[in-house]
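For the protein sequence lines, the chains are D and B, in the order given. In case it helps, numbering that gives the first Met the number 0 puts the first sequence at residues 0 to 514. In case it helps, numbering that gives the first Met the number 0 puts the second sequence at residues 0 to 305.
Don't read these hints as lab results, they were simulated from the structure. Glycine is no exception: its CB is placed at the ideal position from the N, C-alpha and C atoms. Don't take each hint at face value.
Stated by the list, open to error - Covered stretches of chain B, going by a simulated chain D footprint (3 or more residues, C-beta under 8 Å): (1) 20 to 31; (2) 34 to 42; (3) 82 to 94; (4) 150 to 160; (5) 252 to 258; (6) 262 to 274.
Here's the letter readout for the chains.
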Amino acid sequence: MKRMFVLAILMLITFLFFIPTQSLAQVSGGTVTYAAGADPDNLDPANAESNPSEAVNRMMYENIAKFDPKLKIVPGLATKWEQSKDGMTWTFYLRKGVKFHDGTPFNAEAVKVFFERMIGPEKPSRAGLYVPFVNSVEIVDDYTVKINLKTPFAFFLNNLAHSASGIISPTALKTLGKDISRRACGTGPFKFVEWVHGDHLTMVRNDDYWGGKAYLDKIVVKTVKEDSARVMMLQSGDAQLIVRIPSEDIPRLEKDPNIKLDSTETLRVLYIGINCFKKPFTDVRVRQALNYAVDKEAIVKSLYQGRALVSAGIVPPLATGFFSVKGYPYDPEKAKKLLAEAGYPKGFKAKLWSPQGRYPKDFEMAQAVQQQLKKVGIDCTLDTMEWAAYLAATRKPPEENESELFLLGWAPSTAEARWILYPLYTTEQWVPQGNNRSFYSNKEFDDLVNKFTRATSKAEMDKYLKAAQELLVKEAPSIFILVTKETIGYSKKLQGVINSPLELTYFDHKTYLEK
Amino acid sequence: MGRYILKRILMLLPVLLGVSLVSFSLLHMVPGDPAVLLAGEDANPDFIKALRKEYGLDKPLYVQYFHFISHVVRGDFGISIRNREPVIKLLKERFLFTIQLSFLSILIAGSIGLIAGVISSTKQYSLFDNLSMVGALFGISMPIFWFGLLLMLFFSVQLRWFPAGGKGTIVHLVLPAIALGAASSAVIARMTRASMLEVIRQDYIRTARANGLREFIVIYKHALKNAMIPVITVFGLEFGYMLGGAVLTETVFSLPGVGRLMVEGIFQRDYPVVQGSMLLVATTFVLVNLLTDIAYAFFDPKIRYE
Chain D
0 MKRMFVLAIL
10 MLITFLFFIP
20 TQSLAQVSGG
30 TVTYAAGADP
40 DNLDPANAES
50 NPSEAVNRMM
60 YENIAKFDPK
70 LKIVPGLATK
80 WEQSKDGMTW
90 TFYLRKGVKF
100 HDGTPFNAEA
110 VKVFFERMIG
120 PEKPSRAGLY
130 VPFVNSVEIV
140 DDYTVKINLK
150 TPFAFFLNNL
160 AHSASGIISP
170 TALKTLGKDI
180 SRRACGTGPF
190 KFVEWVHGDH
200 LTMVRNDDYW
210 GGKAYLDKIV
220 VKTVKEDSAR
230 VMMLQSGDAQ
240 LIVRIPSEDI
250 PRLEKDPNIK
260 LDSTETLRVL
270 YIGINCFKKP
280 FTDVRVRQAL
290 NYAVDKEAIV
300 KSLYQGRALV
310 SAGIVPPLAT
320 GFFSVKGYPY
330 DPEKAKKLLA
340 EAGYPKGFKA
350 KLWSPQGRYP
360 KDFEMAQAVQ
370 QQLKKVGIDC
380 TLDTMEWAAY
390 LAATRKPPEE
400 NESELFLLGW
410 APSTAEARWI
420 LYPLYTTEQW
430 VPQGNNRSFY
440 SNKEFDDLVN
450 KFTRATSKAE
460 MDKYLKAAQE
470 LLVKEAPSIF
480 ILVTKETIGY
490 SKKLQGVINS
500 PLELTYFDHK
510 TYLEK
Chain B
0 MGRYILKRIL
10 MLLPVLLGVS
20 LVSFSLLHMV
30 PGDPAVLLAG
40 EDANPDFIKA
50 LRKEYGLDKP
60 LYVQYFHFIS
70 HVVRGDFGIS
80 IRNREPVIKL
90 LKERFLFTIQ
100 LSFLSILIAG
110 SIGLIAGVIS
120 STKQYSLFDN
130 LSMVGALFGI
140 SMPIFWFGLL
150 LMLFFSVQLR
160 WFPAGGKGTI
170 VHLVLPAIAL
180 GAASSAVIAR
190 MTRASMLEVI
200 RQDYIRTARA
210 NGLREFIVIY
220 KHALKNAMIP
230 VITVFGLEFG
240 YMLGGAVLTE
250 TVFSLPGVGR
260 LMVEGIFQRD
270 YPVVQGSMLL
280 VATTFVLVNL
290 LTDIAYAFFD
300 PKIRYE
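Construct the entire structure; sequences and hints are all you get.
This is the structure in structure tokens:
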């Protein structure tokens, strides 16, 4: 009897302990206004090309496999998967009881429709994620699908977790046709309501969400182009979350007791591309000298006030397949020596291009690089161009391309090393066909990229990945500078915001707004 | 009068043809490719090729221009490259908004400008005159984005009276309308003052006063009506500019108007959107000018159009 009594008391205490914390912490309800810097371009995941689109799509669509906040691959709409020994077949076991926003059940058929659209004649803009690798899709039963590949592919799951691989309701795809680009229909915790171009996009809670109803009732994503206007909207309470905070405004916001700032390391490496097709940059010693001549530590410290990380190579630390490589320390003497060896003891004149306002502090960084290069005798003229013209100028074929040194940033949307090394530096990817704006070409490197891409075991893959990254740093086809950090700000009442290293900020069903 | 209006409206056609030709060639002369831009740094070559084909960008320029014009004649302005909406729908949404903002703005600018101008002219070199003319100088010289941000900082962040931008109710339009109208009210005030000063010295005003009319009637009926011609010209021009889109105000206050549609269209090389909005803006400007001319005849019966 006494034991029963003690037990009852204990239970009561536990009960009391639990209830209030639960109800105090997570409250249902509320509308969140999210001020983004630009309008989404497309709500069809397979054709979306910009971060604002991907961020809203992440709230309405889900993938078979997804990234966790640290970019590890975790189950999404599939609960588990297997890869065959030869690496040619993947089997996915799908989650049961999931429904699309239009009521269509999620099953093997929906997954089949997704893959067949990606590799089929429609050719969505992100078809490149699957066309080179996927051969066919088989439905094993209602909740099991088999994907047959053309060749083993080490980063297949990363592609599945890419924003472009959000699964669309097959019914909506059929009935909406091309209009799917302007209305979304997925399985996510939030449902599409309306999109007024240049103004806002509204989503509401999906009451049938398989993971449980979301806490938030409604999300309004507003397009607010002007940086200072976004900051003021957060301060005035007109917005609960803002992205892309200009660094000048950070100290002021840090002092505001109602606002929380969150700075996340991204996957974006800012680098200065070198046109390896042109003299004197054909000489590896010149390219190495350029790398020794730039003081990255100083740039990160004084220009970015620590809101960036020095990068030794082109692969950022958070990407799958990153290997720590020894980069180039700041050593102007060594740079001069290398230049002398290459036949330029007095240095030379060069052109340096940079966009302005595309990346955080891009032009200021180019100015710093210009000054540092001058110290070793490389006299650069610095020019900026409007973004469209910049992309056009750096995309010209080698014979017509007038670039020499050009600042750019690269972030792999698949969060893995291949989508950096392959497009930026392999021979078959020279612009205008691909994205190798440096016209770097090295057979050994091409071979290594090919080998790790087709690897079937992790050990084998790692071996080639590491070798490729080491070779690239040695060959120095770019001046590797830094990894950016993305700072967002939100009301202290808003909890559970996801600020992904993919430069995407979004909410899930667990995000809530304190009363 | 009817024939005159019809003639002026017909004149629109060559104007629009010229505008379309100039905007088309300028747009295509500027380097940059909408498909490459849309795809960003990690462009997919197949996608670029497909998009070029879909929008006919792979065809010779004269073919593209002819295609554009022949569709515009049928009321089809094409589809935005950026967000795949029909351009006509975007233009309609944005223009309705721009009209609201412009009306409110010209209303504020007009009433402040006219009243300040009239009082200044009747009390020349008084304290009020000096203050309002200094104010007008401020209004003209102040960069609109700076003034807009100041208004926001004070009325939204500090006082929390008005929302810091965005579209919504009329409350959302107050700050942008003031920011946009500030320069116009200054111009209108100065013009009203100058024109009134000239009219007040005319013989018929003296006659009116000598007849014992009340000063209020003399100023607001006899003088103001005759002083209106140059003021209306300014009014029309300012209103035309506002309807043509106020990019800076729209950007600062995050408003979806025609100005931002056009300027963002240019940055994104969204050819159909830019061409469509150029035609719309040109049409509005011509029509506002026409209305101004008609208004002349109303204020000054000596003016007749044959």
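Now the hints, each set against the structure:
{"no.": "1", "hint": "20 to 31", "result": "holds (count 3)"}
{"no.": "2", "hint": "34 to 42", "result": "holds (count 8)"}
{"no.": "3", "hint": "82 to 94", "result": "holds (count 6)"}
{"no.": "4", "hint": "150 to 160", "result": "holds (count 5)"}
{"no.": "5", "hint": "252 to 258", "result": "holds (count 4)"}
{"no.": "6", "hint": "262 to 274", "result": "holds (count 4)"}
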